[in-house]
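Turn these sequences into a full structure, and let the hints guide you.
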Amino acid sequence: MKAWRAAVWGLAVFAAGYGLLHINFRVRALQEEHDRLAAAVAAQQRDLHVLRAEWGARSSPARIEKLARRFLPELGPAGVVNFGSPDKPLRGDGPATEAAAGGRPPETGGKEI
Amino acid sequence: MNFTTGAASDLTARLRLLFAQDRDRSAETMVATGRARMLFTAALLTAAFAVVGVRLVDAAAPGRLAAAAASSPAPREVRAAGMPGRADIVDRNGVLLATTLASAGLYADQRKIRDPRGTALRLAPILSGQTVDEIAEKLSGDKSFSWVSRRLTPAQQAAVNRLGVPGLDFRPAEVRVYPQGPLAAHVVGFTNIDNHGAAGLERAFESSLRTVDTPLQLTLDVRVQHILREELYAAMVEFSAAAAAGVVMDARNGEVLGMVSLPDYDPNHPSRAGANQFNRVSQGIYEPGSTFKIFTIAAALEMGVADIGSAFDATRPLKVASHTIRDFHPRHRVLSVPEVFIYSSNIGAARMGALIGPQAQRAFLEQLELLSPVRLEIPETGKPQYPSAARWRDLSAMTIAYGHGVSVSPLQVAAATAAMVNGGVMHEPTLLAGAAQRPGYRVVSPRTSDLMRRLMRLNAVEGSGKSADIPGYLTGGKTGTAEKVGQDGRYDSGSLVSSYVAAFPMNDPRYIVHILLDEPRGTPQTHGYATGGWVAAPAAGRVIARMAPVAGVSPVDEQDPAILQALYLPGWQDGARLAAYVADE
Chain A
1 MKAWRAAVWG
11 LAVFAAGYGL
21 LHINFRVRAL
31 QEEHDRLAAA
41 VAAQQRDLHV
51 LRAEWGARSS
61 PARIEKLARR
71 FLPELGPAGV
81 VNFGSPDKPL
91 RGDGPATEAA
101 AGGRPPETGG
111 KEI
Chain B
114 MNFTTGAASD
124 LTARLRLLFA
134 QDRDRSAETM
144 VATGRARMLF
154 TAALLTAAFA
164 VVGVRLVDAA
174 APGRLAAAAA
184 SSPAPREVRA
194 AGMPGRADIV
204 DRNGVLLATT
214 LASAGLYADQ
224 RKIRDPRGTA
234 LRLAPILSGQ
244 TVDEIAEKLS
254 GDKSFSWVSR
264 RLTPAQQAAV
274 NRLGVPGLDF
284 RPAEVRVYPQ
294 GPLAAHVVGF
304 TNIDNHGAAG
314 LERAFESSLR
324 TVDTPLQLTL
334 DVRVQHILRE
344 ELYAAMVEFS
354 AAAAAGVVMD
364 ARNGEVLGMV
374 SLPDYDPNHP
384 SRAGANQFNR
394 VSQGIYEPGS
404 TFKIFTIAAA
414 LEMGVADIGS
424 AFDATRPLKV
434 ASHTIRDFHP
444 RHRVLSVPEV
454 FIYSSNIGAA
464 RMGALIGPQA
474 QRAFLEQLEL
484 LSPVRLEIPE
494 TGKPQYPSAA
504 RWRDLSAMTI
514 AYGHGVSVSP
524 LQVAAATAAM
534 VNGGVMHEPT
544 LLAGAAQRPG
554 YRVVSPRTSD
564 LMRRLMRLNA
574 VEGSGKSADI
584 PGYLTGGKTG
594 TAEKVGQDGR
604 YDSGSLVSSY
614 VAAFPMNDPR
624 YIVHILLDEP
634 RGTPQTHGYA
644 TGGWVAAPAA
654 GRVIARMAPV
664 AGVSPVDEQD
674 PAILQALYLP
684 GWQDGARLAA
694 YVADE
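Protein chains in written order, with our numbering: chain A, 1 to 113; chain B, 114 to 698.
In case anyone wonders, no lab produced these hints; they're calculated from the structure.
Some clues are possibly wrong.
[As the list claims (entries may be wrong)] A partial selection of chain B residues facing chain A, derived with a Cβ cut-off under 8 Å:
{"id": "1", "residue": "T212"}
{"id": "2", "residue": "L214"}
{"id": "3", "residue": "G218"}
{"id": "4", "residue": "I583"}
{"id": "5", "residue": "P584"}
{"id": "6", "residue": "R659"}
[To be verified] Just a sample of chain A residues kept apart from chain B, beta carbon distances all over 10 Å, derived:
{"id": "7", "residue": "M1"}
{"id": "8", "residue": "K2"}
{"id": "9", "residue": "A6"}
{"id": "10", "residue": "A7"}
{"id": "11", "residue": "W55"}
{"id": "12", "residue": "L67"}
{"id": "13", "residue": "R70"}
{"id": "14", "residue": "L72"}
{"id": "15", "residue": "E74"}
[To be verified] Derived coverage of chain A by chain B (criterion: at least 3 residues anywhere in the stretch with Cβ under 8 Å from a Cβ of chain B; other residues may be distant):
{"id": "16", "stretch": "18-26"}
{"id": "17", "stretch": "42-54"}
This one's a predicted model, so the numbers in the text were calculated from it and none came from an experiment.
Ideal Cβ positions, reconstructed from N, Cα and C, are used throughout, including at glycine.
Here it is, written out as structure tokens:
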């Protein structure tokens, strides 16, 4: 009886030890994977952050207007006539585009004034 | 004696036996109890170990850990290690106004620099903005740490690294970047070299920007801000003004969509800002001139001292004590309330001010928060100037009625005008998205507000605001021109502050646009005039024309009966227009 009991306990201790080691190795592996992913995420977040800042500067209204003046000189700010509807024509239509908005103002190019 | 001794020993023996038996019984009981307890404890421990063992085997089963990891909730997106530690500032649409980027600072261990001058010569082309002498000075000495440049771009860092000079090293740093440049400089502010807020919202929200991960969202709209800045700049150039201020505000809740003060500065280079840091919209204090007639007439209508049909004698200048109050465009006749407004009669407004009285006028202006510093999220706010209660007498009431003798910020005028046209509810101006949820408080009745809308619309159609009337957008407003006080303490007629405060669409006002030019000069196109109607109103009109489509305001048919009815002014358009007074024109 005692031998059986010892054998059972021995098996239990062995199983528990094996289980603990197994978990230990798996946890370490997962932790390394987590650290690797976290580092990759951080690196990509930093890149995205820089790209967002760059996009903020690239998409500034002053820059877009400057580009529009250069490449799309025929376009101007939207005027009242651009918003009329065929079923309800405006009686007080003003001239379209730039003239309706009083012409284009001098370019500042987004620089300090 | 013997008997006594024998009996005693017998009794003692009996007692001993009794105690011994009792002790034996007690020991047996204790042993039994101990066994039971040990058994119970052993069972408990066995059960606990069994549970732990089963759980270990269960957890260690193949695939079990991976499944547990997979089923765990997704990690929250947080600022990753190495990410700069100051929250972004964005506009109402999420456009980036301020952000922090990781950077590097260059320092020198002076003891290891063998040839400071030679090294400086090699560094100077890389570190723009520093001379060879300046760099050489930073490299010379016996300190182990000396900053050479606090902020390097990645390209500069790579170039310095390529030099391979022993004694030069890098230290991680952060740099605050403003992608929109000077566009919203006076609102956003800037940080100092240590990345601490030094002006604007950067300063006001220093602690929360450092502790909160989420961006600080503003009510500004960069599109509106850009339009306002461009048009303000155009007006400033056209009329050679010394400075300009402009604000666009949501009339219904006080949200500021645009706030521009010129000249401005680039917050990416705050050391160059100098005097341009001064925020003329919230910090600048100006005599508002005739734009104050909006509040005078509203007060008169609200208090019942005048109604829309009341008449005021403006046949000749009004003499009060040693002062003479004149009209800029005198009509030399009696004027109705609408005429006082659209002809901007100082005499008519002064007479109204006298009827209102100093105390009631002061109380009304206090209600409109025109006599206390504007409550705004940025620290740069100015304190209004006005007479003390003791000195606020009849003459003050008369001059303040047409905007002289009191100085307020352009932002205050805009906020108070919003209350006059939005149904009569005063909202504090705000720059923070979401803050406008705070309820306002009533300052005038809906009826008075309705009349003010009609009066302001009339001024844009037939008065001094014609040049700001953009077809389809039902603009309305009031011009203002005030003379600045010269060196000698007297008003200088050659030094003006010209402004126009507009609202649109006047049948249901959504936005307030206030334009102010400081010391504009007339041009041949304006016949030499530099008044609000000539210099500020056209700029306000252009701002409205450009921002209305952006803001989602659709143009309407101005001849639509519903529109005409909404803006109808009794006694004006129906042919019975002031018949008694028209003959002398």
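Right, here's what the structure says about each hint:
The restraint placing T212 of chain B at the interface with chain A holds, with a minimum CB-CB distance near 5 Å, inside the 8 Å limit. Interface hint at L214 of chain B: satisfied, since its Cβ lies 6 Å from the closest Cβ of chain A, which is below the 8 Å cut-off. Look at G218 of chain B: its Cβ only gets to about 18 Å from chain A, farther than 8 Å, so that hint breaks. For the restraint placing I583 of chain B at the interface with chain A, the shortest Cβ-Cβ distance is roughly 7 Å, inside the 8 Å limit, so the hint holds.
A cut of 8 Å between beta carbons decides the hint on P584 of chain B: the least distance to chain A is about 4 Å, and the hint holds. Because the closest C-beta pair between R659 of chain B and chain A is about 5 Å apart, less than 8 Å, the hint holds. At roughly 16 Å from the closest C-beta of chain B, the C-beta of M1 of chain A stays outside 10 Å, upholding its exclusion from the interface. The beta carbon of K2 of chain A is kept farther than 10 Å from every beta carbon of chain B, the shortest such distance being approximately 15 Å.
Here A6 of chain A stays apart from chain B, with its beta-carbon at least about 14 Å from theirs, past the 10 Å limit. Even its closest Cβ contact with chain B, about 15 Å, leaves A7 of chain A beyond 10 Å, as expected for a residue assigned away from the interface. W55 of chain A, annotated as away from the interface, has a beta carbon of chain B within 10 Å; the closest lies near 8 Å. The beta carbon of L67 of chain A sits about 14 Å from the closest Cβ of chain B, which is more than 10 Å, so the claim that it is off the interface holds.
Every C-beta of chain B lies more than 10 Å from that of R70 of chain A, the closest at about 16 Å, which supports listing it as non-interface. Consistency note on L72 of chain A: stated as away from chain B, and its beta-carbon is indeed over 10 Å from all of that chain's, at 16 Å minimum. Every Cβ of chain B is farther than 10 Å from the Cβ of E74 of chain A; the closest lies at roughly 17 Å, confirming the non-interface assignment. Only residues whose beta carbon comes within less than 8 Å of a beta carbon in chain B count, and the stretch 18-26 of chain A has 6; three or more means the coverage holds.
Given as covered by chain B, the stretch 42-54 of chain A passes the check, having 8 residues with a CB less than 8 Å from a CB of that chain where 3 are the minimum.
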